[in-house]
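> Please build the complex by placing chain C on the supplied structure of chain D, with the hints as guidance.
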Amino acid sequence: MNAPTIEYAELAPLITIFGAAVVGVLIEAFVPRKLRHTIQVGLALLALVAALVQVILLAGTDMVAAVGAVAIDGPALFLQGTILVLAIISVGFFAERRLEAGGDAFAPAASSLPGSEEERVLVRERMLQTEVYPLMLFAVGGMLLFPAANDLLMLFIALEVMSLPLYLLCGMARRRRLLSQEAALKYFLLGAFSSAIFLFGMAFVYGYAGTLRFGEISEALTANIGQDGILLAGVGLMAVGLLFKVGAVPFHSWTPDVYQGAPTPVTGFMAACTKLAAFGALVRLFYVAFGGMRTDWQPMLWAVAIATMLVGAVVALTQTDIKRMLAYSSIAHAGFVLTAMVAADSSATAAILFYLATYGISTLGAFAVVTLVRDSGGEATHLAKWAGLGRRSPVLAATFALFLLAFAGIPLTSGFVGKLTVFTAAIDGGAAPLVVVGVIASAVAAFFYVRVIVLMFFSDPAPEGPTVAVPSLWTAVGITVGAAATLLLGIVPGPLLDLAQQASIFVR
Amino acid sequence: MTFPWLTTLIALPALGAVLTALVPSGRGTLAKQVATGFALLTLVVGALISVQYLFDVDMGVKPETYEWIPEFGASWALDLHGISLALVALTVLATPIVALAMWHEAEDEKRDPKAFFALLLVVEALTLTAFLSQDVLLFYVVFEAMLIPLYFMIGMYGGPQRRYAAVKFLLYNLVGGLAMLAAVIGLYVESVNSGNPSFYLPDLIALDIDTTTQWWLFIGFMLAFAIKAPLWPFHTWLPDAAAEATPSNAAFLSGVADKVGTYGMIALVLPLFPDASREAAPVIVVLAVVSIIYGALLAIGQTDMKRLIGYTSISHFGFIVLGIFALTDQAATGATFYMVNHGLSTIALFVVVGFLISRRGSRQVDDFGGVQKPAPKLAGVFLFAGLSGLALPPLSTFLSEFLVISGTFLRYRPAAIIATLGIVLSALYILWLYQRTMTGPVRPAVEGMPDLRTREVAVVAPLLALLLVVGFFPKPLTDAIDEAVGPTLVEVGVDQPEPLAPVAEHVEEGTGR
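Chains as they are written, first to last, in my numbering: chain D, 1 to 508; chain C, 1 to 513.
Bound-form chain D, shown alone (with noise of 0.2 angstroms):
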């Protein structure tokens, strides 16, 4: 038996952030608590940006490294290179410090009892959490393997590495702790349930071909085994473990809650990247590994297509937090990108990887919008307290307005060239039901975004409203990236489409 070959030089973007996690975790163990979170942030920084680079100079590779396990493409790279992009944006938020009097999002100690004495001593000694950037590599390394997982084994492990280090994030908020832990536990339960779905689908799959590889499971399609039974059980029970994690109904009601209880730096991130490295993995999986049965899998897509634009958008209109609201549209948004995942063809990967990377950036500034709206209580995210916000700091309201509109599809910006291409996508692939379902679930979602400009704008402010604090440069440059890139996407999108028109096919 022969050694397998690594291709080291194709995986050095994982190795690189994977490798900066462990060291992130040695720190924690050996480096002086004082020194620790300047070297964290640096040295996640460096990790990400080192390994943006080594993306970009993959870029127009065209391979499956590591034995066929991780399939090192367009679509892949587009993906890890936006997912980093994202992450690094994230760090920005991440390591905010001057919202919150001395300290920045997280729980100085997430062991502590919320309320507890301990609690109080850690908070008077402005104990920071550290812990948080290492987590967080890993996380970013399993965003970056999921997309790119070329056999199912792969994509397992992704899953997990990406999910795990969220769960405990999840749990860390500094204010509303119980809320917050609520959020992780419900995260964690849900996610393993769905995990154990998922992987039970896989040995169905597994039955069915006798292999674990993409390709090979296409190839094993093509020969038409028979027991068509078992694979098509397979297929459903891995779409429900994916579709869970891209926040499709019905597999959606973790989402609000943990887009809530999250920390707000957290739930940007998590909502930006997860949903982009989740939708990669689904992608290539329906596309690649079980392509020639689209006819089969088609209709699933639709109905939960169907199903996830119009709940998304029509229960966030009840919504009166708005990182609920936000929450619910992100569904919404899920169910705009399977329009096009119906389709199934290379023009509908690109609309998909065009569509990720500007909502993932518009979503990402959103939420960090949310955490520059506060009152004594910390975050001010109940919608009425937003009231009158356009008065008091207009460029910050503005900003906000500029991404509902993105998130309403408005001409001009990013949100509507993506729901352009994705519905281009889905009528050139017969799927024009599909599009006027995505049309008026857009109208009824313009309402809810509308409504809070409305109060933004148009409502007088509340006496004890909350302020708006004036954040580091941190935050400050990501949500000016964000708002840039939203208006700059939205008016000469040309350059981003042709990449992700260049990025489209995936190695098989």
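A hint or two may mislead.
Unchecked claim - Heads up, incomplete: computed chain C residues facing chain D, CB under 10 angstroms, no partners named:
1) VAL23
2) VAL141
3) GLY220
4) GLN435
To be verified - Using 27 angstroms as the maximum straight-line C-alpha spacing, the simulated DSS-like pairs for lysine-lysine come out as follows:
5) C:LYS373 with C:LYS62
6) C:LYS168 with D:LYS385
7) C:LYS168 with C:LYS110
8) D:LYS385 with C:LYS475
Source of the hints: derived by calculation from the structure; they are not laboratory data.
Each residue gets a CB set at the ideal place from its N, CA and C atoms; glycine is no exception.
Frame of chain D, contents of chain C only:
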């Protein structure tokens, strides 16, 4: 390399908007001056461009095409033809007038005027782009994007119910816009299937689309335009928006911005979906006639002056749509000409009503009475604007209304006859409004009402002069329009009914000479 006239025309107000927004806050007057200056500059450029088309002097205005999103075959493609010329002229003329008219409106609502004026220029730039665009995606983008600044203008500066009106305006138009988005994509996919992915209008017109698909796409486009224009039964946002927006904003909204809807019908819907347009024409004609009568009847019943004018606009938009879907040369020329004249006349009415409201602090008809005694000049311009609204010869509105009705008569006689009833009703609502507000015993609250001020004269005089001048010398404009309308109707492929008399003769008659 020739001078990019058309892009300059759009860039000027856009630049003006940016510069206005950059004026430090607290310097309200400077912001207003910058904005008005740029609006005037745009007017000058617009006038230079118009000269080439109206009087056949070569100014070097050429169609312009620059790559925009090559991945979709979308381009920044601009061109000017008779129909767009009329509307571009209206837009560049109306903007400085409206800017001047809204001079004190923001302060009256205790708001910073800077954003108001910057947004006005943004809307101007977007409206001009819509009229000049030869690219369907570009048209769609500005058609939708225009809603946002207008929404803020209504919502931030309007009356007590402005939030409701602004949201209603935005949601109605967004729904229409989204239906159109689906149709725009559908149209694009048709071009992809034909092997030449493009959003370029002439390319899309050349496509051979089967009738069923045409119907679906037609519905998508028409829904958006019928909401924008607004056609009964999609009109309910307009009275609210007209009542709650500031008078000048309402003037710009229904006078200029809404014309994008009727422009879209004649410049996009007819040539793009000829079969569906032909088949649907009777239905649209019925809706248009209902709009004419319904708008007029409701206008008679209004007690709020701005709402009243809003309903008259619905009636007038009915005439425009009727003219477009009568599918005769004469009616289509009349409809396009009508868009300009209705713009001028509605702006005049809204603006004069705005003067009244700012003096009395109320928009209720009942709060006025006998105004002509303390303010005879104001009453005079009000009457003049009103008479233009009821299309009295020799004002320009008369000629367009006449062309529409006589052109419609050639194909849809009952519709033309019922539409004529609309003219009678318009006399009723205008003259009754005049009688209730201007004549009779002077109300105590109206006593000592100041007459027109210099700024107000500067606002109204050009409007009234234009209504009169265009009424006497319509030929250059109607000729330019007629030239563009002809090919459009050929595209639709309807037989032109034998005119009872050629258009040129009507024009001659219309001038009263």
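> Next step is simple, just say for each hint if it's right about the structure.
Here is how each hint holds up against the structure:
no., hint, verdict
1, VAL23, "violated, 14 angstroms"
2, VAL141, "holds, 4 angstroms"
3, GLY220, "holds, 9 angstroms"
4, GLN435, "violated, 37 angstroms"
5, C:LYS373 with C:LYS62, "violated, 53 angstroms"
6, C:LYS168 with D:LYS385, "holds, 23 angstroms"
7, C:LYS168 with C:LYS110, "holds, 23 angstroms"
8, D:LYS385 with C:LYS475, "violated, 59 angstroms"
The structure shown violates the earlier hints numbered 1, 4, 5, 8.
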